[in-house]
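> Using the sequences provided together with the hints, build the complete structure.
Chains W and H, in that order, are what the protein sequence lines are. Residue numbers for the first sequence follow the UniProt record's numbering, beginning at 1 and rising by one. Residue numbers for the second sequence follow the UniProt record's numbering, beginning at 1 and rising by one.
The set of hints was computed from the structure by calculation and includes no laboratory data. Wrong hints could be hidden among the right ones.
Since the list can't tell identical chains apart, any single copy or any two copies may satisfy a pair.
Derived SDA-like pairs (lysine to any residue); straight-line CA-CA distance at most 20 Å [said to hold, decoys possible]:
#1 Lys267 / Gly138
#2 Lys67 / Thr372
#3 Lys67 / Thr9
#4 Lys196 / Glu209
#5 Lys188 / Gln200
#6 Lys67 / Gln375
There are 2 protein chains.
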Amino acid sequence: MEKVRGLDTPFFLVNKPTFLNNLARLSNKIEGLGTSLRPHFKTVRSLDAIQYLLPDKTSPVTVSTVKEAEALANEGYSDILYAVGISASKLSRIRDLNSKGAKVRVLLDSMEQAQILNQFCQDNHCSIAALVEIDCDGHRGGINPNDPALIQIALLLLDGFAQFQGILTHAGESYHCFDQISLRESAKNEVEAALKATKQLRSVGIACEIVSIGSTPTAHHYQNLDGITEVRAGVYAFFDLVMAGIGICNINDIAASVVTTVIGHNKDKGWLIVDAGWMALSSDRGTENQPRDCGYGLVTKCDGKQIGDLQVTTANQEHGIIEAVNGCDINFEDYPLGCRLHILPNHACATASMHKQYHVFDTQDQTYDVWTRIQGW
Amino acid sequence: MEKVRGLDTPFFLVNKPTFLNNLARLSNKIEGLGTSLRPHFKTVRSLDAIQYLLPDKTSPVTVSTVKEAEALANEGYSDILYAVGISASKLSRIRDLNSKGAKVRVLLDSMEQAQILNQFCQDNHCSIAALVEIDCDGHRGGINPNDPALIQIALLLLDGFAQFQGILTHAGESYHCFDQISLRESAKNEVEAALKATKQLRSVGIACEIVSIGSTPTAHHYQNLDGITEVRAGVYAFFDLVMAGIGICNINDIAASVVTTVIGHNKDKGWLIVDAGWMALSSDRGTENQPRDCGYGLVTKCDGKQIGDLQVTTANQEHGIIEAVNGCDINFEDYPLGCRLHILPNHACATASMHKQYHVFDTQDQTYDVWTRIQGW
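Structure (structure tokens):
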């Protein structure tokens with residue numbers, strides 16, 4: 001397309017048909033299992049893309065920052081889950097959003113946070129709904145699904161000025177699974193942890209309106225979602241090399257790349273120097289401990305065709321160094337100064353975060369859009 | 001200060017007196033050696049800070065993107081060096097800046113680039129000045145100072161429509177030096193490579209108006225700069241853990257930190273969970289191969305006092321996990337939910353790049369400013 005050639009490099013390119021295909025694949029899967037998807041906005045973070053992620057303004061959405069919640073609420077989206085442990089300092093912004101008609105739920109995993117939330121609601125004559133975070137695999141936060149503290153926290157919220165609305169868990173350790181069996185086990189374990197928690201609550205008569213689970217690897221491997229009210233996932237929208245390494249997608253499913261220009265040859269060292277460093281690619285090395293370490297990204301031609309042995313092996317601020325790996329040599333004539341290459345990201349959330357805008361191409365219907373990313377907290 | 005407590009976390013804080021002290025330290029050193037500093041704008045990238053970096057609008061400055069050059073030229077700064085290998089696609093923006101009165105010089109290291117530049121200048125009835133990049137330590141781009149291609153490139157420019165104005169080298173490998181002797185050697189080697197290149201050019205009667213060298217580690221270790229017309233450095237303005245690890249600064253000289261809030265305790269695992277993940281800290285692991293690996297950053301109290309054994313060991317998008325290292329335990333009572341900590345960056349350029357704004361405090365005269373960062377390319 002003419003437009004892509006006119007843009008200065010480096011820039012973040014979205015292949016729109018691939019993006020839409022990724023969205024459809026997961027929503028079909030989750031809806032096919034009888035539950036609903038609550039997409040995580042943290043990956044795409046653009047209101048220009050929101051119509052594709054959320055069918056309507058009441059569609060459930062997950063955010064990782066209050067800033068995203070504010071942007072979505074401002075556009076009229078109402079069913080928002082802020083899925084990072086709440087701190088007192090963020091509550092007034094949540095209250096303000098709720099007072100304007102949004103329903104922003106918060107997350108917590110301790111009596112202390114529940115007390116803080118109750119106190120804030122009492123002091124501010126408001127009621128904020130909370131989910132309790134359950135730890136299903138030791139990845140980050142949350143309490144054990146069998147921990148009696150779960151009931152105590154739920155009761156504290158139910159008896160106080162805040163609201164208890166359910167539980168949430170996230171199988172973050174699924175990122176370390178590399179075969180279908182362990183992925184299915186991780187998915188099953190995530191479901192079971194959520195159900196254990198709800199069972200414990202039900203045993204004392206506490207209902208869970210929301211039973212929220214999800215991570216991109218597990219979301220693609222659920223077999224049965226009975227008792228689960230929603231699934232969260234984010235990076236599935238773009239996909240990336242980490243997800244390809246885990247086996248969740250193919251390289252061709254990666255909808256995002258950084259377009260870069262060859263600005264130097266170091267023939268003695270076998271280096272192509274390009275104008276995409278970590279400012280454009282991010283410093284994310286998410287494939288470092290995977291069976292295939294992709295450096296700072298794999299290289300494709302402009303038609304999306306992967307160049308087997310080339311990867312970005314070094315990233316400085318505005319320079320990337322591309323080398324052939326596996327004992328291959330670069331044929332420098334194939335990559336003259338000024339030629340353009342695409343770098344597939346290790347971690348699309350991280351690479352997207354380095355860009356204010358995405359350049360979105362639909363090669364099928366020959367359209368081009370610019371999507372603006374919401375920045376900050 | 002009241003203001004710092006009112007800001008939502010995470011945010012990027014600049015300790016202004018420390019920042020000013022870092023600037024003064026290097027400019028005094030370089031001026032004391034009889035040459036001038038051409039600060040690299042890529043670290044700070046804020047026009048709000050420019051008055052501290054550049055004494056006046058004719059002060060020399062280095063940039064790593066055309067976007068920075070445009071921002072500076074728009075403010076009237078004229079002496080700009082774009083220190084990334086030039087590609088044809090960026091030349092029209094350089095021409096536009098020069099036609100408005102700026103003098104933006106470009107960098108190249110091949111006959112092919114010199115031909116492209118000449119052709120562009122001929123076609124556009126303009127003349128753009130170039131420096132030739134010299135490779136002093138095998139770090140990235142450039143040609144060997146003794147390579148006869150240097151004379152060929154210079155002559156091609158001199159005989160063509162572009163201009164040849166001198167040479168540039170960068171001791172990027174100095175980042176792998178960990179003692180004073182090797183730092184001094186790296187600094188001396190950088191100077192010598194530059195002088196070798198100018199000697200080769202002089203031998204055929206070609207003068208170098210500009211002999212530009214620099215990296216933050218070497219810049220602090222030059223002994224003699226005879227024959228060098230300018231020194232470039234960027235990260236010295238903020239400093240960071242990588243620089244402290246190399247021994248260029250002390251921890252107390254680090255002028256930048258990310259302020260974060262404790263949002264969770266995992267007492268079983270010995271984890272403090274904070275609201276600064278890689279979105280706020282960057283994924284940079286620049287200390288990974290240093291004698292002291294600082295994870296994703298070291299932790300200080302709000303008064304800047306370092307907490308000896310705490311570091312961010314894991315960074316997710318909006319979560320950081322802080323652990324005590326060296327066999328120590330965290331006393332959780334010291335870090336209640338809601339308490340604030342500061343994270344010192346591995347690499348200040350990378351951490352600053354994650355933020356649209358810097359919150360700049362002068363604890364001495366109790367002033368507060370917001371500096372806006374220039375984003376994109």
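> Please go over all the hints and tell whether each is borne out by the structure.
Quick rundown of the hints versus the structure:
1. Lys267 / Gly138: between (47 Å within a copy, 12 Å between copies)
2. Lys67 / Thr372: Both: 14 Å inside a copy, 18 Å across copies.
3. Lys67 / Thr9: For Lys67 and Thr9, only the inter-copy Cα distance (12 Å) is at most 20 Å; the intra-copy one is 28 Å.
4. Lys196 / Glu209: For Lys196 and Glu209, the Cα distance is within 20 Å only inside one copy (15 Å; across copies 74 Å).
5. Lys188 / Gln200: Within one copy only: 18 Å inside, 69 Å across.
6. Lys67 / Gln375: both (8 Å within a copy, 19 Å between copies)
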